[in-house]
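Peer 1: Here are the chains, one letter per residue:
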Amino acid sequence: MESPMAARNPYEVLGVKKEATADEIRAAYRGLAKKHHPDLNPGNKQAEARFKEIAAAYDLLSDADKRAKFDRGEIDESGNEKPRAYSYQDFAEAAPGAKYRAQEGVAPEDLDDLFSFFGRGGFGQAGGFNQGARGEGATIRMRGADRQYALTVDFLDAVNGAKRRLELAPGKSLDVTIPAGVRDGQVLRLAGQGGPGLGGGPAGDALIGIHIAPHALFKREGDDILLELPVTLGEAVLGGRVTVPTPTGAVTMTVPPHSNTGSVLRLKGKGVAGRGDELVTLKVVLPSGADAELDTFLKDWAAKHPYDPRKGM
Amino acid sequence: MIDFDAVLRQVRGVRADELEEWIEARWVLPERMASGYVFHEIDVARVHLIVELRHELSIEPESMPVILNLLDQVYALRNRLKSLREAIETLPAETQAQLLARLKE
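Going down the list, the protein sequences come from chains X and Z.
Counted the way my numbering counts, the first sequence spans residues 1 to 313.
Counted the way my numbering counts, the second sequence spans residues 1 to 105.
With the rest of the complex left out, here is chain Z (with noise of 0.2 Å):
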């Protein structure tokens, strides 16, 4: 966990001004303590990102809230998808086999 002047030195071609407007605009949710802000590693890696977003391949920031909205939409389907794959990694090895012939279809 890292504060504010932390992600500016850790992260290369984020501006103090850039990264308070993103958190104000919630793109990135630091928590706020009253000694200032706290990163966790997701929202340092979060604020790499932006910054890729950002300045290497030029998204707009109106078109930026959905373009986080739908990666986080994807990750969250991931994330499901590998409850689903362990859950029927549980299943009898001949339900597996049904299960895999069915997808290969």
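Next comes chain X alone, as it looks inside the complex (with noise of 0.2 Å):
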């Protein structure tokens, strides 16, 4: 904000409703100018400013297009063009705009075509341009423009792999393979699948930018997937068999007697396209609701068993 006047609502500067006639904003704004005129209230610098304020209101209110402008959101309070909330040219004609790029705004002949009149020998020599006829001379072969495309993929086909479609402007496609174990931001590189060559050139690549969706069980650093799994207070004191999701399904695993809530089990292999390992972190969990047996056991266990977790802190 600029300065705290400017960014008054003009209708409550006026103190007069959306829906005022320009006869009642005429009205409101000589009352309230009379009041806060510099000339009535000399050297009173606050009488100025919002004598300043009213007018601005004024100036905007009493332009009927200025007026309409305001209200459709076109202007803000100070008359200036508000910049639009979007621009879809911003992006359409960056990087990300490619994926809508039915057919390249240049064909490649437009483009063989400037490069053989560059061809023709026009600069570096004295006159400049070369006026020879059309089509001779198309020396510059090239490859072609690479295309960035942006591909989010799921948590788990991340770390297993998969085939996926990115979909492009209308009537095309391409198909993307997944490797198993691709990291967030990594870059696939399709050979051949980006902007068409020139003079018989090679065609650029198609390089796809990866983001990895998040998964609402797994979190994944480097190859290890990392997995917090809720144990009963009885798993965790006596041990027992628990099922465990992994990337690549559930498998049973032994919790040891005596485990608490932090401790981690490493589940060998169970990490990202095999490399890695799963680490389970383990988390007791009471059960729901009272229990009136574990509370008076507790209540004679903990009188004869006092310990504190809290030492340390």
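Worth flagging that the hints you see were computed from the coordinates, not collected in a lab.
Be aware that one or more of the hints could be misleading.
[Unchecked claim] To give an idea of the interface, some chain Z residues facing chain X are shown, with a C-beta separation under 10 Å as derived from the structure:
#1 Val14
#2 Arg26
#3 Arg32
#4 His40
#5 Leu49
#6 Val74
#7 Tyr75
Glycine included, every Cβ here is placed at the ideal spot set by N, Cα and C.
With the hints as a guide, dock the two chains, each given alone in a separate frame, to form the complex.
Peer 2: Structure below.
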């Protein structure tokens, strides 16, 4: 905000309703202007500022065109044009626009023309461009441009690998093989799927930036999979066999007796693409609701077995 | 990146059934994930654009593919033009001046 004055709604400044007629607005302005006019309030800075605000509000609302623009949100309180909340053009002209480009704006032939024009040797010679016959001397052979695309991959597809179809401009798509273990931010290169080459040059590549969507249960750290596994009080104290989800399906794991919240158990080879491990962090969960038997037991037990888990704090 | 419902909240003036139709017609190309659609910034901006064209400029649905296609061609062209300009900027000043003189003729 540049100044507190600029930010106020002109309707509020004049104290009129949004539906106010031109006459009502004029009347409100006159009333306020008389009261706050600097000449009637000599040396009063506050009145001067208020008067400016009133004048600016009236300037905006007394002009039917400006008022309509303000009502539509096209200009702000100061009468400045508001930047549009979005600009498709900004994206479309830049790298992300590649996916909506049904055809290249410039056909390869056009660029061939352009390069053959340069290739005729106009530059560097006295007299500038050579006006030779069209089509002669297309000497430049150039690789096509790379095109950038973005692809969001499900967590498990990134871990296990998958095939995905990237939807491009109407009628086009790219089939992408996601290698198992692909990392967030990695760029996959599809050779020859970019822009066409010039003068018989090879096509460019499609560069596909990978974004991995988060998973509700799993997290990833390098090639390891991290999982928090709730266990019962009984499983934690007495140990037991529990079923654990992994990226390749559920497996059975043994919880050793006297495991605690925060204990980490390692499932070898259950990490990303068979390379890493799955690290299972246990979380002891008490039964929900009251349990009279447990209460009775613990009163007795706690009295006999005091311990302080907060000693180090 | 946002999902379908977030687009409906963010872009004023678009209904769910319309947005579905536009995706079906491939006017806008969000990613299709198992969990639903994923819209990138460019897709959201394109939905804004389609809302303006359809609702404010009252462009008929039959005309939309042509208009979108032409717009995208213009933007692609401008993208290439930018590359060309950048290439020209790397040329010696003398060559740039020659080119400029030529373009002014």
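Peer 1: Does Leu49/Z hold up as a contact with chain X if the rule is Cβ-Cβ below 10 Å?
Peer 2: holds (4 Å)
Peer 1: Given a cut of 10 Å on the nearest C-beta pair, is the interface hint for His40/Z held or broken against chain X?
Peer 2: holds (6 Å)
Peer 1: Taking 10 Å as the limit, does the beta-carbon of Val74/Z come near enough to a beta-carbon in chain X?
Peer 2: holds (7 Å)
Peer 1: Against chain X, is Tyr75/Z within 10 Å by beta-carbon distance?
Peer 2: Since chain X brings a Cβ to about 4 Å from Tyr75/Z, closer than 10 Å, the hint holds.
Peer 1: Let me know if the C-beta of Arg26/Z comes in closer than 10 Å to any C-beta of chain X, holds or violated.
Peer 2: holds (5 Å)
Peer 1: Have a go at the Arg32/Z hint: is there a Cβ in chain X nearer than 10 Å to its own Cβ?
Peer 2: holds (7 Å)
Peer 1: Given Val14/Z as an interface hint, is the shortest Cβ-Cβ distance to chain X below 10 Å?
Peer 2: violated (13 Å)
Against the hints set out earlier in the document, a violation occurs for number 1 only.
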